[in-house]
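Residue numbers (our numbering), protein chains in the order written: chain A, 972 to 1456; chain B, 972 to 1456; chain C, 972 to 1456; chain D, 972 to 1456.
Since the hints were derived computationally from the structure, they do not count as laboratory data. One or more hints might be untrue.
Note: identical chains are not told apart, hence a pair may lie in one copy or across any two.
[Stated by the list, open to error] In the EDC-like style, the derived pairs of lysine to aspartate or glutamate whose C-alpha atoms are separated by at most 16 Å in a straight line are: (1) K1013 with D982; (2) K1416 with E1352; (3) K1052 with E1151; (4) K996 with D1377; (5) K996 with E1375; (6) K1150 with D1186; (7) K996 with E1151.
4 protein chains.
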Amino acid sequence: MAIKNGKEYTDRINRQQINIWYQGKTIKRPLSSHPAFNGLIKTQAEMYDMQHQKKIMEQMTFQSGTDGERYGLSFLAPRSKEDLVRRRIMMELWAEKHHGFLGRSPDYMNTTLMSLYTAAHLLQEYNPEYEDNLKKYYEYCRSQDITLSHAFIQPFASRLSELVDEVDDSITAKVIDRKENGIVVNGAFMMATQAATCDEILVFPSPLPSMLEPDNPYAFAFAVPNDLEGMTFICRESYSGSSHYDHPLSSRFEEMDAMVIFDHVFIPRNRIFYLGNEEIGERLFSEGNFHSHAGHQVLTRYIAKTEFLLGLISKLSDEQNIALEAVTMERISRILTMLENLKSLRLASEIMAEPDSKGYYVPAKKPLIAATMQYSSFYQEMLGMLQDISSSSLVMLPSETDFESDAGDFIRLYLKGQDTSACDRISLFRLTWELGVGPFGGRQKQFERFFFGNTRTLSSRMYNVYSLDKYKAMIDEFLHRGETH
Amino acid sequence: MAIKNGKEYTDRINRQQINIWYQGKTIKRPLSSHPAFNGLIKTQAEMYDMQHQKKIMEQMTFQSGTDGERYGLSFLAPRSKEDLVRRRIMMELWAEKHHGFLGRSPDYMNTTLMSLYTAAHLLQEYNPEYEDNLKKYYEYCRSQDITLSHAFIQPFASRLSELVDEVDDSITAKVIDRKENGIVVNGAFMMATQAATCDEILVFPSPLPSMLEPDNPYAFAFAVPNDLEGMTFICRESYSGSSHYDHPLSSRFEEMDAMVIFDHVFIPRNRIFYLGNEEIGERLFSEGNFHSHAGHQVLTRYIAKTEFLLGLISKLSDEQNIALEAVTMERISRILTMLENLKSLRLASEIMAEPDSKGYYVPAKKPLIAATMQYSSFYQEMLGMLQDISSSSLVMLPSETDFESDAGDFIRLYLKGQDTSACDRISLFRLTWELGVGPFGGRQKQFERFFFGNTRTLSSRMYNVYSLDKYKAMIDEFLHRGETH
Amino acid sequence: MAIKNGKEYTDRINRQQINIWYQGKTIKRPLSSHPAFNGLIKTQAEMYDMQHQKKIMEQMTFQSGTDGERYGLSFLAPRSKEDLVRRRIMMELWAEKHHGFLGRSPDYMNTTLMSLYTAAHLLQEYNPEYEDNLKKYYEYCRSQDITLSHAFIQPFASRLSELVDEVDDSITAKVIDRKENGIVVNGAFMMATQAATCDEILVFPSPLPSMLEPDNPYAFAFAVPNDLEGMTFICRESYSGSSHYDHPLSSRFEEMDAMVIFDHVFIPRNRIFYLGNEEIGERLFSEGNFHSHAGHQVLTRYIAKTEFLLGLISKLSDEQNIALEAVTMERISRILTMLENLKSLRLASEIMAEPDSKGYYVPAKKPLIAATMQYSSFYQEMLGMLQDISSSSLVMLPSETDFESDAGDFIRLYLKGQDTSACDRISLFRLTWELGVGPFGGRQKQFERFFFGNTRTLSSRMYNVYSLDKYKAMIDEFLHRGETH
Amino acid sequence: MAIKNGKEYTDRINRQQINIWYQGKTIKRPLSSHPAFNGLIKTQAEMYDMQHQKKIMEQMTFQSGTDGERYGLSFLAPRSKEDLVRRRIMMELWAEKHHGFLGRSPDYMNTTLMSLYTAAHLLQEYNPEYEDNLKKYYEYCRSQDITLSHAFIQPFASRLSELVDEVDDSITAKVIDRKENGIVVNGAFMMATQAATCDEILVFPSPLPSMLEPDNPYAFAFAVPNDLEGMTFICRESYSGSSHYDHPLSSRFEEMDAMVIFDHVFIPRNRIFYLGNEEIGERLFSEGNFHSHAGHQVLTRYIAKTEFLLGLISKLSDEQNIALEAVTMERISRILTMLENLKSLRLASEIMAEPDSKGYYVPAKKPLIAATMQYSSFYQEMLGMLQDISSSSLVMLPSETDFESDAGDFIRLYLKGQDTSACDRISLFRLTWELGVGPFGGRQKQFERFFFGNTRTLSSRMYNVYSLDKYKAMIDEFLHRGETH
């Protein structure tokens, strides 16, 4: 079957022979048994299993009209508003599993690839081979249910160096050799989330300008398996705990980030999506409506996360015996307001969706950008609530082993809540701790703060999608109802 | 015709013999020639004329299936989602005229009356006469195109007094006599917006509890013409300017607020909608879905106002030569984000509308409350932008007469903009002054801050429309995926 | 005597024959009987009378060691920390009279002139005559107790034009002729606060660069009486009410702003403080420590205004019957926190004062800039509190004439407070209205927002007064306690 | 000598036989070699060594006039403003060592004890023995340079239970037996910071009311060594890293929090400071001016921390190549403004200090409360800056071992800054990570948010220290300058 299950997912990850470094050592054992990866792999395996659950298979997958095969629904290139709704229901189902904590849930990258695919035709203008490569790669991923990561952030120092010396000394990733059957690439990408727990990686740097067109060595995109000769993954330290009780989030959802280094890696010709012209990269993203398609997935994730925080903050208010205070009502209704915004923006993006030039339906972009513009501050506001409600209860938290020790009786006696056992009370604050104090939550906050760019980038994206002329004209018209001088 | 035009509206207002006080004197001359009222009356007359404009008559009015008569569309009790869309288009057309500055645009009160009408059937439980009165009054207003105001805020001191002494000394409005053909009412209402520029007034105090049920003298609702014996209107000072150039907003949109005093006023029996039981008032509002129907109108007004401010802030940024600065892009895209929120919330309220028990379609309440919860701070944020962009240009503003004086040449020379004449530049800052410095804008800000209640009231409204159980259950379920102790 | 009293102040203002335009007409009658000016003139006359009150004369004035004459203390060039404290006490006494609402209280301009005087010696490098002119002018103002305004903001369009054409077409104020006994100046200044209620005006444009040094025609400073040939004042509309009851603030404190136009005005040689070199202007301000001396006065004004708002917000909380609510306690203690900040910053500026190169004591600059950096947002936060507490009570306010009319009984009955008469209750909201809704308060808000420049200007002033090196070095040192690679 | 050095401090901690649990196990080995404690112990040992450094011994210690002995200066009960300045300089020296990250730096508890000591005389009213005990204990701590922690937060459930059943079932800490030579205490305290790295613990619960006066079993205070029979310490998980490079803050400053349980612990009579009457506890704190004396120390800590963040944010801005952008200037000058506030408030607290009834000098309380009211939001604002500046650079951080591994060359190449080595660049972000993402910083944020209570507690403290009458009277006086009705 084209849709894989959890075991297949796990086996493939374990089978890969990737060159991966963690805390100064290479990892030899299967990733699924390594404490920095096993929680996430287990969660993601369960997500792939959902594709095979009878009750929801229809919602998680689709049957191709062409070959009758059943594929993951996140690969579906939507042909109608109904398709968009189907896609959203599938994304909600997965988000109910990870509650919005997975930034690289498989549907994110599948959607990304699908969006590029819908614009593949434009590659023909440059080189028909590129179009063919991209389409075939999409079909390959869909039929093998490939788990993808992607890499695009370049080293900080590269942003300053590439103008100084175009070819030789720059550390910007570049094509250093072109051969008959492929190219040789050298360079590094800063932060590929989940890189190690995927089958392949899509490399798509933000195109940099060059004076060497049409042979700009910095302009390229390709996708390759993780275990090619010359590829190295270097991980940050893990934020994952091993006990579900102590670390309920990180023990399940910790997505490792890695630097990915290409040291003279040979990229086969059929995996190259474009070369030499930075304009193409921009067009693929904009004409493939990446920000709309991906934005639809991201907003679904935001909603799931907001609902999770709504539940948590409600529970905490009960636990702290302040459920009926005015301040609690104000907090909760503030979250409900955020939630209504987000849901309405998603609905609007679907209702106002329009077909692109090839008939693929694209969720309306404006409401989706509006959601992204706000979520970072919504999220921080909710974190502030968590911290206010929990106060000193976030600091002195015993662990699962403390409960089991000879000192456990003290804990059970002195840490109980008004109507809750110490075990239940502490489990709630443990969860809150992970969001508001611990490193998993710290990374999540930073991640949401910059998901689709900083304020300036987002503002400019919003600004450019609008025309202000009619609003200015309205003011002119209004003022000219009056006298003139 | 059932739809009136501007002249009919004006004539009726002028014909009324109301007892109205302004600055310590009673007003004798026709209101349409009084500087405190004429701008608003002219604007509203133009709005009524729109009902007769060929191009938009279909959108502004509807033909009754019952009697074939054509009525104002804001009276339409919606029977489908399409009806809600028709209602919204009508409200947009009027809002394009007043740009959201009229809080008591006729559609607001017409919608209020319509919402009560949809719940008229519940009055039968108490007294079939009430039901009949309310339905007939609705039909009367619809067929005569009556312009309504309403009164409901009681004196501050009344809120404290009514428990002390239920009947005698309290200053709370109350029924002091019941007669065969009507009742006698005594009391005052604090702030009836546009009371003097309407035909009639709907009096509907927030029901206060009493121990004297079912004869609670504080529980009642009725509607009467403005010129009954014993009614007195006392106006605040006017914020209206007379020159469109100097005061482009207040010269058109200044809605006078008035205290309305009932000094032993006899209310005819057929104009009474309920009596004696405070429960009825609450039910009329909640089962008539007042906050949903009115919220739909209010949100349409918010959107118009936001678009006006978007235009103004764009124009000002051009005028101040900062259109291309990053801070401008951030401001504008912040407004665009607000606008997308508001539009999506309105769309969601329509898409998710549902019929009430009698088959009237009700816009979904949650998105509408969400809009109200936010608009006050959105509005203030935009005012802050106006003030930041304008800086000292908001202070030294010459007037129309200065332009025309012998000093006019200096003004034309020294106050010109980079690409604009002094006349155009100053007209922009005049408009901004009215919003950000002058009393018209000051009242608007206060008005928006408390339109549907203060933060506590709004929060409680939002909180109560939701059930949090499923969100709490989600957290429980999540935590119980882990171990237990 | 060198210190004038209120009558002398008023008489001089009335005697001046200035060319002043208001609402398109020139004003002929004495300003002290004109409704746009009389309230302010009366207030300021009372302030000058304070100099002669036995009880505080010692605190309001000082006796010169040189000539034994008694002068206004705001002219005192401080020679010790004790002098700074004396200056502050005098400023507090005046501020208790105007509660911080006068931005151009006489001590502001007297302090400005004093600060320039302390740097007069640097003019000798350029032209000994300039030094002499400035010193003599300072002595003249001190001995005549001259009331000064100042002008420095140039037309908006001038900022863009002066580079295009240096001499001919620019509308920037400039020297257009140099004669043996003086110069001829042409140009306009945008916003001279209180210009019409002063004796003389100090003209000190921000120096613009020019390629024509040392004959930069845009670089100059001078002071002249208000009634020279060729000078024109154009006023904005007045925000002043005439009833103390209805408009308690504007009827006393409305400071008119005016454009001041110099149309080929001849400036006598002995009134010129420098010419032709923009560097001099900058040095006079920085070496005269203008921002420190003036900042000390401004901070004293901020404190008086904050205390007034503290009183008002406390009274309003009582009036609205919410004095004991948690939200009130939070509001009040927030204001107390602001007040402690401001007072401590002022204290620090005095305690850490240091002498300049000539032995004049200069209040420490850093705390004073810190105060200015914050006050705009402190002020707005307090306005927000006013609006929240007052809610709809700010809208429906009767006027003094309403109380006196036949409708007065209704007002007295229905507008009373819980423990206050309607007259007292409304007087409180009238005051609040002026701050939070009316145009006097609107201008004050805009004025405070930009008093010493916008955020960018203030930030840069703060940034440049500090050296960050030692703080960066601390981090380096901290990090190098660790290992190296 | 009465002042101990680092070795003595460490040896004493190691010698103690305390019953301490960490992650479900008791700790047997010396704490100074345990990874959860060794960093802090080393830092604190260095701080004690500072007392013996020739260059600063005079500033860190004082010579007693009574016995000629040299004591730690934080024990000094100040007799003059100069003493307060000496105390502050000592606190600054220690804070330069820990940069404000130690909430329980020894001077904090020494100051606490000193403040109680200054009010010891009031105990005589109740029982002369108590006064004697407190004075002797102060002298003992001073002469032995005892390192103290304190415990006062009771279990959450206790706050609800004590009213239900006064003596039997409540879990509130209480005296359960009174004997000739002491008392027996049972109960738990939630969060004693640094409890395990101190010699003794001061137990001083917030006094709860009881109907059993004068034998209220919940009212008591005492101090005991950490290793009495029946005492148990349960630690939270450690946030400490072992590498100074990877975790520059937590490897030095991680202060472990512990629950402290008293299971039928016998407290010797001479260590009891009061019993049975909750009024005494309140008086000791208020008449001992705890919030003033401790507030002076805390504010000094805030200033050190703010300076550290100023340095870090300046360095980061350089590193990210944005030092010259307007946004950077605004951020830095915002921090400078906070810093000026804090420093001026401290200065004011010293300048306006006054003697208590016994002649001990007390720093002025108002400026100190003002500092506490603001610091939580200042701190969060700075954290927000860290996160904004660092953006994705906070996520992908290699560790010290990665640098040393075979992958180190890649890291050195690709992670270098514009002008900095990868090692230096990453060390800066590692530090930022600890503050903005990791658990050490998460706890610090929560700690600062609630240091002296939540917003409501702080507001009430501020509110009660002021009298508003004179400010209200000012408004009355101002309004009565006008007419009356």
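Here's how the hints hold up against the structure:
no. : hint             : result
1   : K1013 with D982  : within (11 Å within a copy, 47 Å between copies)
2   : K1416 with E1352 : both (11 Å within a copy, 15 Å between copies)
3   : K1052 with E1151 : neither (44 Å within a copy, 62 Å between copies)
4   : K996 with D1377  : between (37 Å within a copy, 9 Å between copies)
5   : K996 with E1375  : between (34 Å within a copy, 10 Å between copies)
6   : K1150 with D1186 : within (14 Å within a copy, 68 Å between copies)
7   : K996 with E1151  : neither (36 Å within a copy, 64 Å between copies)
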